[in-house]
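A.B. asks: Below are the chains, spelled out letter by letter.
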Amino acid sequence: MVQVIAGSVISSLTLTVVENIHRMKMMKGVKVNRRSFLKMLGWGGAGTALAGCDMPTTVTLEEGKEEVVSYLSPEEYVIPGVGVWYASTCTQCDAGCGLHGRVREGRALKLEGNPDSPLNNGKSCMMGQSGVQTHYNPDRVTSPMMRKGNSLQAVSWDEAMAELGKQVSSVSGDRFAFVSGSLSGHQSVLTSELLSKVGSKNHFAYETINTSIWQAVSKDLLGDAMPVIRYDKAGVILSFGADFLATWMSPVHNAGEYAKFRQGERGVLVQVEPKMTLTGGNADLWVPAAPGTEGVLALGIANIIVSRGWNKVDVPASVKTELAQYDLNKVEKITGIQGSKIKRIASLLSERGPALVLAGESTVGQAKGYEAASAVMLLNIIMGSVGTTIEPSVSFPENALAAKQGNTSSLKAFAQGLSDSKYDVVFFYNSNPIYSAPEALGVESGLDKVKFKVALTMFPDETALKADLVLPLNSAIEDWGTHVAAYQGGSATMSLQQPLMEPLYKETKGFGDIMIALLSKLDEGYKQFPDYYAYLRTSVKNMPAELTGGALASDESFWNGLLQKGVLKTTGVTGSLTATLAVAKVGTPTDHLDQTSLTLIPSARLGLWDGRHANIPWLQEAPDQISKVVWDSWAEMHPHTAAEMNLKNGDIVKIESKSGSIETQVAITKAIHRGAISVPMGQGHKEYGRYAKQTGANSLSILDPVFDHKTGELATHATQVKVSKTRKNQILIKMGGSDVQMGRSFVRTVSADQLRRTEGGA
Amino acid sequence: MSLSNILDNLSRFRQDAESERYGHHDYEHRFGMAIDLDICIGCNACSTACYAENNLPVVGKDYFEQGQAMHWMRIERYWDDEELEHPERGASFIPMMCQQCGAATCEPVCPVAATYHTPDGLNAQVYNRCIGSRYCSNNCPFRVRYFNFWSFYESSWPEPLNQQLNPDLSVRDKGVMEKCTFCIQRIRVAKDSAAREERNMIDGDVITACAQACPTNAIVFGDTMDPTSQVSLAWKKHEVKRGPYTHKEAKSDEEIRGYRVFDELNVDPSVMYLERVRDSEV
Ligand code: SF4
Ligand code: SF4
Ligand code: SF4
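Residue numbers (the working numbering), protein chains in the order written: chain A, 1 to 762; chain B, 1 to 282.
Looking at chain A on its own, in the form it has when it is part of the complex (with noise of 0.2 Å):
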């Protein structure tokens, strides 16, 4: 079970050995002892990394009494008991947050975050934590499979890279399509050679959790797309559906600088959603509007602040009378929302400030998503957070490392070209639409016409089983990598992934080591490259000053520095911000709500994400934050409406759109909208291994076709369902036997009033 590293296999990890050796041995002959020897080795966490010596009774080597040359020896490189740390980066979300890996007898065996790393400041979220159940996973894919016939059969990566050689340089490079999740680094940079090479210009950067939206009404109404939110310097955050602490945009990131914001000068928080996220959940105010109505509210609450005069920035008497149009009685009438909340949390912006206003989720997943953020971003604007609350862009130097995020245009862009029949060869890296687009889009049957599809994959995903060839890859933890994350929250950094251990199977590889394998029958120039690492080594030595920040990259030291400390910070590039004020022509309900159809809201937990968490034990068993209901699919539903069609927890109901239906149980709860209905996304695999087959429902798989007519995002929250009872039911199985304390104060609540008066608020 123990893997002891070999020195014989040229694999990336005993390059790692290699390169401590090589940095063992520029220390020889100087006398350290044995805690600074191991500080000064790309050893992380320094104090932490120490507190690894586990079992001291079995360490042979006592502290001060050993020089370093006796270490040297590969065999010797695994000290049983005593732990390592070692700096790498988290890939289990596109937020890239930096790692620290213990690592005992060769295996890896906890991830913490990564202290140096500026985006989440040594801290993780769950499925950071559960990194390690994704590597170790019972359910990988170990070997080559090529379709033969019918089904996929084992092959050798000879064969299979002679096949995928064959077709990347047969295929006429438009019809060759790559889909991936968002990408970054040397990661992004080799896709983007490989697809030059080909001659393609077909990259499908795909993601269902995204905040396209937010950003291209930045870029529009701001002038910079990925402004700078500074929560903490916020009084008052105003939130349309961003469910900032849990999936929106860097949810460690946002979690370390609410706690700012809730600290010292206590600020109020304030969501509008139709159903409660984990951050509404933190909510002073909840305010469930009528689905789909954010944008009319947003527009409400503009008209309250210039006609009272509260706006601290001029306003146009022509954008006045636009507003003019939101009077009070009208978006009470729309949103549900009292006029005499509307107006408090109106009066909220203008007392409590600096104001902080987002738009999310629920709020942009509209076929005028695009109006509803606008909307909200005059909030911004009038307000005077831009500048303040909302500051410039600050974004990595080197453009062919920075992150090409993910969206849902793009997947509607691909479906589109599938049902043109314009692929021949498709790659899919970190992508299962199979799963994850919805049916309407006839993704799985456009398969169909692809000649040949390419599944790089650690596990058999929907996706790969209808693949032509799967190539098996080595997990983040086995493997090398960059990554500059989209959102820094100030910072320009880029994190490095490295290997925390041998690859527990012989037959999976890096993603970059094929990249650079099949580059190079494409190309002499790559054959240098052995593999990924080499590549990387290269890359990093000729660093351009501008971006080491001064260091010299050829030089030993800077490797060995990137390799402690996991993260190379940078100047980055700052943007500049020109408000533009407009009004937007935001939709209303009326343009699609009928009062027989609930709104269906496939809404994103942090935990099983867009449901590629979902073969995560832990993550399976861990309660959902709001519902507590754990290891299936659950249909969100006001008591009221529950009510009303007669449903108590439990029941299995059938949830109709026009494209699809899926069953599952009814949770009966108040923190959700009477019209809507919501069944969390992330369930209801065909395949994915054991932990997720057939464990609840898919709700992206029946939502309708309907995507924001602006940016081409598909609006995730605009699709209506009838619901009907069946006859079935079962148990609801959730954490803890009540919802309510009964008078036994766990969890008391003081006013933050009170709070002034007794700790001064600070």
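Everything labelled a hint here was simulated from the structure, so no lab data went into it. Check each hint, because a few of them may be wrong.
Said to hold, decoys possible - Straight-line alpha carbon distances no greater than 27 Å define the calculated DSSO-like cross-link-like pairs of lysine-lysine that follow:
id, chain 1, residue 1, chain 2, residue 2
1, A, K648, B, K61
2, A, K260, B, K236
3, B, K61, A, K693
4, A, K654, B, K61
5, B, K61, A, K233
6, A, K260, B, K237
7, A, K725, B, K61
To be verified - Now the stretches of chain A that chain B is said to cover, found in silico as 3 or more residues with beta-carbon under 8 Å:
id, segment
8, 254-262
9, 374-383
10, 523-529
11, 714-721
12, 725-737
Unchecked claim - Pair by pair, the computed Cβ-Cβ distance ranges are:
id, chain 1, residue 1, chain 2, residue 2, range
13, A, N150, B, K174, 37 to 47 Å
14, A, G549, B, E197, 30 to 40 Å
15, A, A400, B, P141, 43 to 53 Å
16, B, K174, A, F746, 27 to 37 Å
17, A, V740, B, V112, 32 to 42 Å
18, B, S133, A, G736, 22 to 32 Å
Note that CB positions come from ideal geometry on N, CA and C, so glycine has one too.
Use these hints to put chain B with the ligands onto chain A, whose structure you have.
C.D. replies: Relative to chain A, chain B with the ligands alone:
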């Protein structure tokens, strides 16, 4: 043996609860926590970190339904405004795990002293002494003791998941009670390192897996006997003392946020919570 044991434990327990000195030990440390419910966002990072650190089994849907989940750290979520149409003030989250009570009600009832108090102020569980009577969990007011009704080893860690198991602690088998240990393996390592370096432990030498992971730093862990530790400072600021229940009226301002859950039972919990805040003007 067991009767005298119980009586002995009981008298010690009462002594703990009632005496000024609050304890029968010559404590070396008394580890404790301060958890700020105003910045705990209920995200589950702590709880998942605990699974990763402490070899907690995944029991699966059916056993979960039977209430046999083994989440040493669970995030409870309550709705407070029952009469309203919607929970307008959000949810109330509380991370709940063993409170490492100074006068633990679980300890005196164990017929074989498998759960006992350590000189570090921990309520320890000796797995190979535990006979599975489950008296302790019956007697725990916080419901944070978890019994292995089954042997979960094979179902929870099919190969190669088992390679992730933390070798610093065991996997508990059928018939044994378990619960949060304040990551005792981390404490032990830190103590040993300090001893090797011939120094006293200092604040920050140990951080539990949950506190380490928490994205908002809601959990502060440390030695409540070290007056300069972060946790001691927090306890002091919020006027929560070790030992018997401090009535709110005894505080300089009864609105100060610190409190211990079920403090009025005089079990001397080692975890202080800070009240969640909601802006009632909003
Ligand atoms: S936010 Fe994303 S990158 Fe950061 S720890 Fe969680 S999964 Fe990993
Ligand atoms: S202190 Fe350790 S054992 Fe206890 S809940 Fe936290 S992580 Fe789990
Ligand atoms: S990790 Fe921190 S914020 Fe998240 S639930 Fe635990 S204590 Fe609360």
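A.B. asks: Taking the hints in turn, state whether each one holds.
C.D. replies: Going through the hints against the structure:
no., hint, verdict
1, A:K648 / B:K61, "holds (20 Å)"
2, A:K260 / B:K236, "holds (22 Å)"
3, B:K61 / A:K693, "holds (14 Å)"
4, A:K654 / B:K61, "holds (22 Å)"
5, B:K61 / A:K233, "violated (43 Å)"
6, A:K260 / B:K237, "holds (19 Å)"
7, A:K725 / B:K61, "holds (24 Å)"
8, 254-262, "holds (count 5)"
9, 374-383, "violated (count 0)"
10, 523-529, "violated (count 0)"
11, 714-721, "violated (count 0)"
12, 725-737, "holds (count 4)"
13, A:N150 / B:K174: 37 to 47 Å, "holds (44 Å)"
14, A:G549 / B:E197: 30 to 40 Å, "holds (34 Å)"
15, A:A400 / B:P141: 43 to 53 Å, "violated (59 Å)"
16, B:K174 / A:F746: 27 to 37 Å, "holds (31 Å)"
17, A:V740 / B:V112: 32 to 42 Å, "holds (38 Å)"
18, B:S133 / A:G736: 22 to 32 Å, "holds (25 Å)"
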